[in-house]
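K.L.:
Now for the letters of each chain:
Protein chains: 2
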Amino acid sequence: MSYKVGIMGATGAVGREIIEVLHDRNFPVEKLRLFASVRSAGKVMETPFGEITIENADEADYSEMDIAFFAISGGWSQENAEKATSAGCYVIDNSSAFRYDDNVPLVVPEINANAIGDSKLIANPNCTTAIAAIPLYTLHKEYGVKKVIISTYQATSGAGAAGMSELTEETRNYLEGKEVGNKVFAYPIAFNAIPHIDSFQENDYTREEMKVVWETRKIFSEPDMSISCTCVRIPTMRVHAESIVIETEKPVNPADAKKLLSSVEGVELKDDIANNVYPMPITATKKYDVEVGRIRQNLVFGDHGLEFFVCGDQILKGAALNAVQIAEKL
Amino acid sequence: MSYKVGIMGATGAVGREIIEVLHDRNFPVEKLRLFASVRSAGKVMETPFGEITIENADEADYSEMDIAFFAISGGWSQENAEKATSAGCYVIDNSSAFRYDDNVPLVVPEINANAIGDSKLIANPNCTTAIAAIPLYTLHKEYGVKKVIISTYQATSGAGAAGMSELTEETRNYLEGKEVGNKVFAYPIAFNAIPHIDSFQENDYTREEMKVVWETRKIFSEPDMSISCTCVRIPTMRVHAESIVIETEKPVNPADAKKLLSSVEGVELKDDIANNVYPMPITATKKYDVEVGRIRQNLVFGDHGLEFFVCGDQILKGAALNAVQIAEKL
Numbered sequence: 001m002s003y004k005v006g007i008m009g010a011t012g013a014v015g016r017e018i019i020e021v022l023h024d025r026n027f028p029v030e031k032l033r034l035f036a037s038v039r040s041a042g043k044v045m046e047t048p049f050g051e052i053t054i055e056n057a058d059e060a061d062y063s064e065m066d067i068a069f070f071a072i073s074g075g076w077s078q079e080n081a082e083k084a085t086s087a088g089c090y091v092i093d094n095s096s097a098f099r100y101d102d103n104v105p106l107v108v109p110e111i112n113a114n115a116i117g118d119s120k121l122i123a124n125p126n127c128t129t130a131i132a133a134i135p136l137y138t139l140h141k142e143y144g145v146k147k148v149i150i151s152t153y154q155a156t157s158g159a160g161a162a163g164m165s166e167l168t169e170e171t172r173n174y175l176e177g178k179e180v181g182n183k184v185f186a187y188p189i190a191f192n193a194i195p196h197i198d199s200f201q202e203n204d205y206t207r208e209e210m211k212v213v214w215e216t217r218k219i220f221s222e223p224d225m226s227i228s229c230t231c232v233r234i235p236t237m238r239v240h241a242e243s244i245v246i247e248t249e250k251p252v253n254p255a256d257a258k259k260l261l262s263s264v265e266g267v268e269l270k271d272d273i274a275n276n277v278y279p280m281p282i283t284a285t286k287k288y289d290v291e292v293g294r295i296r297q298n299l300v301f302g303d304h305g306l307e308f309f310v311c312g313d314q315i316l317k318g319a320a321l322n323a324v325q326i327a328e329k330l
Numbered sequence: 001m002s003y004k005v006g007i008m009g010a011t012g013a014v015g016r017e018i019i020e021v022l023h024d025r026n027f028p029v030e031k032l033r034l035f036a037s038v039r040s041a042g043k044v045m046e047t048p049f050g051e052i053t054i055e056n057a058d059e060a061d062y063s064e065m066d067i068a069f070f071a072i073s074g075g076w077s078q079e080n081a082e083k084a085t086s087a088g089c090y091v092i093d094n095s096s097a098f099r100y101d102d103n104v105p106l107v108v109p110e111i112n113a114n115a116i117g118d119s120k121l122i123a124n125p126n127c128t129t130a131i132a133a134i135p136l137y138t139l140h141k142e143y144g145v146k147k148v149i150i151s152t153y154q155a156t157s158g159a160g161a162a163g164m165s166e167l168t169e170e171t172r173n174y175l176e177g178k179e180v181g182n183k184v185f186a187y188p189i190a191f192n193a194i195p196h197i198d199s200f201q202e203n204d205y206t207r208e209e210m211k212v213v214w215e216t217r218k219i220f221s222e223p224d225m226s227i228s229c230t231c232v233r234i235p236t237m238r239v240h241a242e243s244i245v246i247e248t249e250k251p252v253n254p255a256d257a258k259k260l261l262s263s264v265e266g267v268e269l270k271d272d273i274a275n276n277v278y279p280m281p282i283t284a285t286k287k288y289d290v291e292v293g294r295i296r297q298n299l300v301f302g303d304h305g306l307e308f309f310v311c312g313d314q315i316l317k318g319a320a321l322n323a324v325q326i327a328e329k330l
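Protein sequences appear in the order of chains A and B. All the letters of the first sequence, read from the start, carry residue numbers 1 to 330 under UniProt numbering. All the letters of the second sequence, read from the start, carry residue numbers 1 to 330 under UniProt numbering.
To be clear, the hints were calculated from the coordinates, so they are not data collected in a lab. Among the clues, some could well be false.
No copy is singled out in the list; a pair is fine if it fits within one copy or between any two copies.
[To be verified] Here are the computed lysine-lysine pairs in the BS3-like style, where the Cα-Cα straight-line distance is at most 30 angstroms:
1) LYS183 - LYS287
2) LYS178 - LYS287
3) LYS141 - LYS83
4) LYS146 - LYS258
5) LYS250 - LYS146
6) LYS4 - LYS287
This is chain A alone, in the form it adopts within the complex (with noise of 0.2 angstroms):
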């Protein structure tokens, strides 16, 4: 059996990176529809499933699809996921507009795949939850996990292809001693690193603070796992890395918990220091895997604690892998 698929927001960075894992997969393509915005319409977009005309993503005719990936932005989602779900095709939507729905799961395929149940329309997490979900879960069933604490190094993939730009002139006109600027990001993000990423709650942490809180309990089904999150947006390309302590129920050692990620699906166990070997955005760049090192007994928290460090691609499983990896799942 093979799918009509169609890629809402074709030409954005994680629409582009889901017809390429798409093809990587073997995804059964039976035909593949890009649409973006009416400015793209009508533009022939080269792809490894040969040339495709985009189309406008705001004409788009659902019942001629079976899976649909939303890719575009949460308002665009909101108001489009209904009309594609009752035509009958599956939205894997990757924005956060339906996140926080009780009714639509939210899905880590490795943890949670059963979730989807008879939905039409499942959310793809945001990618800071869904980059360290596998590691944490892995070591919760085994160990449960009572505490959680985070602080991010975010690329500036996170902010689409314009932000991964912006890195890139702004760097340039830094080291060619012109006037830095900025646009995508608050403030100038060359040699820099930002403690704000998406906007200010009323309790002081950021959205993307808090999504990591909200997304990890939805999709472990542990609504009151104790969770803190610190993001800081660093100048790096599209590898958000995670400095992660946990407190655990049970008593933990390193060398169990390694043995135990060595063998977990959707991780690369890099954590041979003797030998220089830990996670890094330069060697997580484009890998599907989730790269997990640096593991030790937290001094804080003892012999129930860990700390590690992850780095894992964020436009691959954090958004596109991860995306298409629910669609092999319907």
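Here the structure of chain A is known, so what remains is to put chain B in place on it, guided by the hints.
P.N.:
Showing chain B alone in chain A's frame:
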């Protein structure tokens, strides 16, 4: 009264900055002498104190100096400190050679100037420790800090002028499509994040991470304080940022903590999220004060927990400024 001052390692990033700070703070310098390796001896250096000819550090006569700043290396300090102090010269050592020696005071003047006593040798803390110390100690005195969990975002200046040059050159190579290499850092630092600073220890933490634990305990006179740290090098120039979570003995609320920190010497409160005001490397660069912001109630430790973000100039409060502040207390 004024002093005969020597700077050992005057051509390095920290040595150069000590000269600037001495001048900027009107330190009572009777005569300034500059020392470096035999390679630099004889060269003339432009300084705010006039042109000074560099002398060979290995042949310094310490009986001619009142205070010597050591900023060459740990090994060099180990070999030369006794010679200096026994000649009656105060030594302020920027290396880690004596920091963990029970007989040598380790000093952040705003916190434990009294620890100097009649010691002729005083150790200057590691940059990562010094930058977090003042806000942490301020909160500790008021609320009693039980647990500290830190993740750092450290600048290339931590590896000296060579580290900053490598970032600049390799970033340029990257942007020009050339091969990106590394000499100073374990891996290419351009558009990367490296969770590895200094050597790995038996407990799988790096020495840089353990320095924060050992030194904070010593400076605070709290030998059992529960602290853990993950140190990460990122592609910034000269400011270290730190994401810090604390659990306190007494209940704490962010409004009170902000009020408290706003009046502390050495801290600039930058916490007005409604106007996008928070600490960042580009704003903390070349600033004496450490920027503190993003102060909020930590979600894991609840009303006994805070989470905040700190940025401090690694070469100033993290090295040269703190060293000169120690000299001011002698």
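K.L.:
Next step is simple, just say for each hint if it's right about the structure.
P.N.:
Evaluated hints:
1. LYS183 - LYS287: both (29 angstroms within a copy, 26 angstroms between copies)
2. LYS178 - LYS287: Answer is between: at 22 angstroms across copies they meet the 30 angstroms cutoff, but 35 angstroms inside does not.
3. LYS141 - LYS83: neither (38 angstroms within a copy, 59 angstroms between copies)
4. LYS146 - LYS258: For LYS146 and LYS258, the Cα distance is within 30 angstroms both inside one copy (19 angstroms) and across copies (29 angstroms).
5. LYS250 - LYS146: Close inside one copy (10 angstroms) and across copies (22 angstroms); limit 30 angstroms.
6. LYS4 - LYS287: within (27 angstroms within a copy, 58 angstroms between copies)
Going down the numbered hints, you'll see the structure goes against just number 3.
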